[in-house]
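J.: Now for the letters of each chain:
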Amino acid sequence: MNVLQFPILSLMTYLPLVGVFFISLLPKECKGGVRWTALAFTIADLLVSLWIPVYFDQTTAQMQFVEKVSWIPSLGVTYFFGLDGISLWLVLLTTFLSVIAVICSWESVSMRLKEYYAFILMLETGMLGVFFSLDFFLFYIFWEVMLVPMYFLIGIWGSDRRLYSAIKFFLYTLFGGVIMLLGILAVYFYHGAQTGVYTFDILDLMKLSYPSTPILTLLGFSFSFQDLVWLAFFLGFAIKVPMFPFHTWLPDAHTDAPTAGSVILAGVLLKMGTYGFIRINLPLLPESTQHFVPMIMILSIIAIIYGALVCMVQTDMKRLIAYSSVSHMGFIVLGMFALNPQGVQGSIIQMVNHGLSTGALFLIVGLIYDRRHTRQISEFGGLSKQMPVYATLFAIIMFSSMGLPGLNGFIGEFLILIGAFKENYVWAAFAVTGIVLGAAYMLWLYQRTMFGALENPKNADLPDLSFRELTTLVPIIVMCFWIGLYPSPFLSRTEASVNYILARVHKQQAVAEPALSDSTQLATGHIEACAKPCQSGPVLPVKGPALDHAGASRD
Amino acid sequence: MGLVAMVILMLDFIAPKGGRDWLGYLSILGVLATFTTLMGQRGATQLAFSGQYLSDPFAFFFKIVFLVSAALILLMSIGHLKSEGIDKGEFYGLILFATLGMMLMVSAVDLLILYIGLETMSISIYILAGFLKRERRSGEAALKYLLMGGFSSAIMLYGIVMLYGLTGTIGLREIASTLSADTASNPALILAMVMLVAGFGFKIAAVPFHMYIPDVYEGAPTPVAALLAAASEAAGLAILLRVFLVAIPELQDRWTLLFYALSLLTMTVGNVVAIAQSNIKRMLAYSSIAHIGYLLIGVVAGRELGISAILLYTLIYALMTLGVFAMVILLCVGKVKGERIDDFTGLAQRSPMAAAAMLIFLLSLAGVPPTAGFVGKLYLFGAAIEQGYIWLAVIAVINSAISVFYYMKVVVAMYMRDLPPQGLTLSASRPLRVALFVTLAGTIAIGIYPGPFLELARASVAGLW
Numbered sequence: 001m002n003v004l005q006f007p008i009l010s011l012m013t014y015l016p017l018v019g020v021f022f023i024s025l026l027p028k029e030c031k032g033g034v035r036w037t038a039l040a041f042t043i044a045d046l047l048v049s050l051w052i053p054v055y056f057d058q059t060t061a062q063m064q065f066v067e068k069v070s071w072i073p074s075l076g077v078t079y080f081f082g083l084d085g086i087s088l089w090l091v092l093l094t095t096f097l098s099v100i101a102v103i104c105s106w107e108s109v110s111m112r113l114k115e116y117y118a119f120i121l122m123l124e125t126g127m128l129g130v131f132f133s134l135d136f137f138l139f140y141i142f143w144e145v146m147l148v149p150m151y152f153l154i155g156i157w158g159s160d161r162r163l164y165s166a167i168k169f170f171l172y173t174l175f176g177g178v179i180m181l182l183g184i185l186a187v188y189f190y191h192g193a194q195t196g197v198y199t200f201d202i203l204d205l206m207k208l209s210y211p212s213t214p215i216l217t218l219l220g221f222s223f224s225f226q227d228l229v230w231l232a233f234f235l236g237f238a239i240k241v242p243m244f245p246f247h248t249w250l251p252d253a254h255t256d257a258p259t260a261g262s263v264i265l266a267g268v269l270l271k272m273g274t275y276g277f278i279r280i281n282l283p284l285l286p287e288s289t290q291h292f293v294p295m296i297m298i299l300s301i302i303a304i305i306y307g308a309l310v311c312m313v314q315t316d317m318k319r320l321i322a323y324s325s326v327s328h329m330g331f332i333v334l335g336m337f338a339l340n341p342q343g344v345q346g347s348i349i350q351m352v353n354h355g356l357s358t359g360a361l362f363l364i365v366g367l368i369y370d371r372r373h374t375r376q377i378s379e380f381g382g383l384s385k386q387m388p389v390y391a392t393l394f395a396i397i398m399f400s401s402m403g404l405p406g407l408n409g410f411i412g413e414f415l416i417l418i419g420a421f422k423e424n425y426v427w428a429a430f431a432v433t434g435i436v437l438g439a440a441y442m443l444w445l446y447q448r449t450m451f452g453a454l455e456n457p458k459n460a461d462l463p464d465l466s467f468r469e470l471t472t473l474v475p476i477i478v479m480c481f482w483i484g485l486y487p488s489p490f491l492s493r494t495e496a497s498v499n500y501i502l503a504r505v506h507k508q509q510a511v512a513e514p515a516l517s518d519s520t521q522l523a524t525g526h527i528e529a530c531a532k533p534c535q536s537g538p539v540l541p542v543k544g545p546a547l548d549h550a551g552a553s554r555d
Numbered sequence: 001m002g003l004v005a006m007v008i009l010m011l012d013f014i015a016p017k018g019g020r021d022w023l024g025y026l027s028i029l030g031v032l033a034t035f036t037t038l039m040g041q042r043g044a045t046q047l048a049f050s051g052q053y054l055s056d057p058f059a060f061f062f063k064i065v066f067l068v069s070a071a072l073i074l075l076m077s078i079g080h081l082k083s084e085g086i087d088k089g090e091f092y093g094l095i096l097f098a099t100l101g102m103m104l105m106v107s108a109v110d111l112l113i114l115y116i117g118l119e120t121m122s123i124s125i126y127i128l129a130g131f132l133k134r135e136r137r138s139g140e141a142a143l144k145y146l147l148m149g150g151f152s153s154a155i156m157l158y159g160i161v162m163l164y165g166l167t168g169t170i171g172l173r174e175i176a177s178t179l180s181a182d183t184a185s186n187p188a189l190i191l192a193m194v195m196l197v198a199g200f201g202f203k204i205a206a207v208p209f210h211m212y213i214p215d216v217y218e219g220a221p222t223p224v225a226a227l228l229a230a231a232s233e234a235a236g237l238a239i240l241l242r243v244f245l246v247a248i249p250e251l252q253d254r255w256t257l258l259f260y261a262l263s264l265l266t267m268t269v270g271n272v273v274a275i276a277q278s279n280i281k282r283m284l285a286y287s288s289i290a291h292i293g294y295l296l297i298g299v300v301a302g303r304e305l306g307i308s309a310i311l312l313y314t315l316i317y318a319l320m321t322l323g324v325f326a327m328v329i330l331l332c333v334g335k336v337k338g339e340r341i342d343d344f345t346g347l348a349q350r351s352p353m354a355a356a357a358m359l360i361f362l363l364s365l366a367g368v369p370p371t372a373g374f375v376g377k378l379y380l381f382g383a384a385i386e387q388g389y390i391w392l393a394v395i396a397v398i399n400s401a402i403s404v405f406y407y408m409k410v411v412v413a414m415y416m417r418d419l420p421p422q423g424l425t426l427s428a429s430r431p432l433r434v435a436l437f438v439t440l441a442g443t444i445a446i447g448i449y450p451g452p453f454l455e456l457a458r459a460s461v462a463g464l465w
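From first to last, the protein sequence lines are chains A and B. All the letters of the first sequence, read from the start, carry residue numbers 1 to 555 under our numbering. All the letters of the second sequence, read from the start, carry residue numbers 1 to 465 under our numbering.
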């Protein structure tokens, strides 16, 4: 259903493209015009997206604001856009960070402006398209389309080794993408052969359960059809996240990307991977999801600890933050595959948190890079005396990233850890060490750059933040406090969808283990006892809307 | 039906020699007239020339590909021939003759006619490949192509003769009806099949029969290389499909296995070797080899889905590869031949529109959505998965990820390297602009709205068996 009776999702997706069109009309010399056009269109998109949480119905797990039009009938491809509690906040994060990306490039990018802003706007279209698509064909198109502008942003406006990093980014993600495509085709043909209906509609494909009897044995492990499909999707998403063995593109891409590129990359692009897990792997292939939980947990814990340890030895600020993303994304995956409401809700809110705080950290590094054209930690020290405002904001964001109570990071990490503890306390114990290490490397970074004596004479007359620079950081900090102090509007809107997805994952176990409800209620009570304002609410798998979810979501 | 086509083409060829541009335009007009005639026969199936010539939807589809390619190549050639100093009337005539040969090939339901069509096409292209008389490598290309082509024709002819000896007929359907499950294991028949595979392998430049292709692409005039890539290999594939599916379906298990190996080898070698190329025409040669590898997936998958995927992909491939060749021609100004990848350096700043067009063609070749190349690959790989050839599909997608690497080399040159100081201004002649526009529009349109093209490809294979 679409409460607005108006294709708001398509409007949001294609509005930036209109901006690209206007930018292409402007003369090259009109730099101000290009910047303002880009800003106007990203702000307009943000304003449009603000309607969504207002009209969002949090009582249902169904897709909302649905647009569905037949596109390639002979292949069963539909133009199918929709949004639920899982994508809601990621969409807002995207429109929000796009505005920030435009503002933060205002002065730091002066070369080939038209192309630059055109690519940023195209990127916004691609990202929103991924979050809205409910048809695999469409999903894959946006998934790949998104790569191209990012590739150019790194390759043209990046620093030192930009060509290497850009192609590495492109190849890694494309490789994951094409493997995912195989998974999509396998599901498509299996569904077609079983039901006679060939469709790429994700919700329709979810109605069927895919065979989980082993068909292939490799190296002593046996895999079912569902497992193989699951692995194909996993590879596509895990490279994007990036999970532990697939993460090597990330530090390079981040280090060499321009600031806006890093902000979007960390803020939104990485979330595509975790979003893919929760949108596709969990509900579409539930048996395999449970089958692979131990593997995922081990990989996430390695990512959490290894990422944090590698951060400790970095000499480049941007690289350090890039590796901290590996660690933080490990948390998100860990929470998600705890497969209980706290874990999954925590991971969704943590996706938003990570987008905000890591995005802001990249801004922080970008600001200092604009001034000094170096990111080496050893070049700095004692900046807090010279740039007090900068140091203060840096501190707040650092605390947010570390998960200090009162700020957004805490809510996410807390929920994730509860989720993990409920499943297996060993996992949680390992994960907690990641938080400790996280505090260590962040504080140490802060200490080395902000405190101490201002020894390097080049830092002696650095100007503090300008008004424009404040407009990039302050909104993010406001959001960090909001989520940290009053997260219930965020959590309550994701709840129904999370419960629906978990009901699908546990469809056999919910029957087999009635004990599930007891333990979850216990945990809910625990949250309330902690006086956290998060409303995890009834966590019993919701049966009613779950079963007719896909059918009823049609317009 | 085909008669009309032939008459027009012949007339065109006989028309005044030593011509100028107008001869090129006249040829285009001829192609368009043939196209109109062809459109009149849409959906019809008709046997002609005492059952040797069949115009069916399958042939119809390939004829569209050939005619569109021929028209685009003629458009590209008009300005290019002048700047290369080979502004001769024969060029247009030979292109038309080659097209005629291809049209004859795809309509042949008889091994003899098929062979005649093949030779008509090949001989025209031998001459065309050596058209740059003053350049040694053009001569080398022509000679190499002639020798290899002649050799492969002989092998194929040997296969045809053995098939005739075994069955006593040259009609494709008659051959099929004389073969039975018992005769399928006849060693002579298998030898004939292997001969045919090798012969066709040369024609479509499948690895290991591909050695001549890079030299020919590099040496031949660019429009001729475009003709090879877009049309001649498609024609080879078309007759391959018809011969194997119609005449010897009895042996499907065996030739599927052969094509499986060929497909794997072809796409892998093509893509890996393409990475090392610095001449864009050589790179395109290896890329075309890789695409033949992808297309063979369709042969392996067989069935309606696989074959219609091949049809669709030949159309898409023709459009996108012609687009790239048109770009090479566009960059061919004065001393810059547009052949080295370095010639593309800084194009995005010199001419943003041209660079954007090239970008779209390259993304399409790499199979990145929302371009036509993606739809084509999706369909091909889908056919493989549907038939259970999972590993082939896995290798294919890995290959298409590899291919991104070398296509992106050109993109890097265009967008990410600084403009060299002696940047020349580009001036596209009007026909070249039209060619670029058509290929670009096609590449985008099939990518975004492939429905009608899919339908056409599906309808075209329906009556093949």
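Keep in mind that the hints were calculated from the coordinates and are not lab data. Any given hint could be a false lead.
Quick list of in silico lysine to any residue cross-link-like pairs, SDA-like style, CA-CA up to 25 angstroms [as the list claims (entries may be wrong)]:
#	chain 1	residue 1	chain 2	residue 2
1	A	K28	B	A428
2	A	K168	B	R134
3	A	K28	B	P452
4	A	K68	A	K168
5	A	K31	B	I444
6	A	K385	A	I302
7	A	K28	B	Q349
8	A	K168	B	F437
9	A	K28	B	I448
10	A	K168	B	E455
11	A	K168	B	Y449
12	A	K31	A	K458
13	A	K68	A	F56
14	A	K385	A	T471
15	A	K28	B	G346
16	A	K28	B	F405
17	A	K68	B	I341
18	A	K458	A	S209
19	A	K31	B	G346
20	A	K168	B	V394
21	A	K168	B	W22
22	A	K168	B	M39
23	A	K507	A	K31
24	A	K68	B	L359
25	A	K168	B	V412
26	A	K28	B	Q277
27	A	K68	B	A356
28	A	K68	B	Q277
29	A	K168	B	A428
30	A	K68	B	G40
No experiment lies behind these values; they were computed from the predicted model shown.
J.: Are the hints correct? Go through all of them and say.
T.: Each hint tested on the structure:
no.: 1; hint: A:K28 x B:A428; verdict: holds (22 angstroms)
no.: 2; hint: A:K168 x B:R134; verdict: violated (43 angstroms)
no.: 3; hint: A:K28 x B:P452; verdict: violated (39 angstroms)
no.: 4; hint: A:K68 x A:K168; verdict: violated (36 angstroms)
no.: 5; hint: A:K31 x B:I444; verdict: violated (30 angstroms)
no.: 6; hint: A:K385 x A:I302; verdict: violated (38 angstroms)
no.: 7; hint: A:K28 x B:Q349; verdict: holds (11 angstroms)
no.: 8; hint: A:K168 x B:F437; verdict: violated (32 angstroms)
no.: 9; hint: A:K28 x B:I448; verdict: violated (30 angstroms)
no.: 10; hint: A:K168 x B:E455; verdict: violated (38 angstroms)
no.: 11; hint: A:K168 x B:Y449; verdict: violated (31 angstroms)
no.: 12; hint: A:K31 x A:K458; verdict: violated (30 angstroms)
no.: 13; hint: A:K68 x A:F56; verdict: holds (18 angstroms)
no.: 14; hint: A:K385 x A:T471; verdict: holds (22 angstroms)
no.: 15; hint: A:K28 x B:G346; verdict: holds (16 angstroms)
no.: 16; hint: A:K28 x B:F405; verdict: violated (31 angstroms)
no.: 17; hint: A:K68 x B:I341; verdict: violated (44 angstroms)
no.: 18; hint: A:K458 x A:S209; verdict: violated (64 angstroms)
no.: 19; hint: A:K31 x B:G346; verdict: holds (21 angstroms)
no.: 20; hint: A:K168 x B:V394; verdict: holds (20 angstroms)
no.: 21; hint: A:K168 x B:W22; verdict: violated (49 angstroms)
no.: 22; hint: A:K168 x B:M39; verdict: violated (47 angstroms)
no.: 23; hint: A:K507 x A:K31; verdict: violated (57 angstroms)
no.: 24; hint: A:K68 x B:L359; verdict: violated (31 angstroms)
no.: 25; hint: A:K168 x B:V412; verdict: holds (13 angstroms)
no.: 26; hint: A:K28 x B:Q277; verdict: violated (35 angstroms)
no.: 27; hint: A:K68 x B:A356; verdict: violated (31 angstroms)
no.: 28; hint: A:K68 x B:Q277; verdict: violated (45 angstroms)
no.: 29; hint: A:K168 x B:A428; verdict: violated (35 angstroms)
no.: 30; hint: A:K68 x B:G40; verdict: violated (37 angstroms)
Hint violations for this structure: numbers 2, 3, 4, 5, 6, 8, 9, 10, 11, 12, 16, 17, 18, 21, 22, 23, 24, 26, 27, 28, 29, 30, all remaining hints satisfied.
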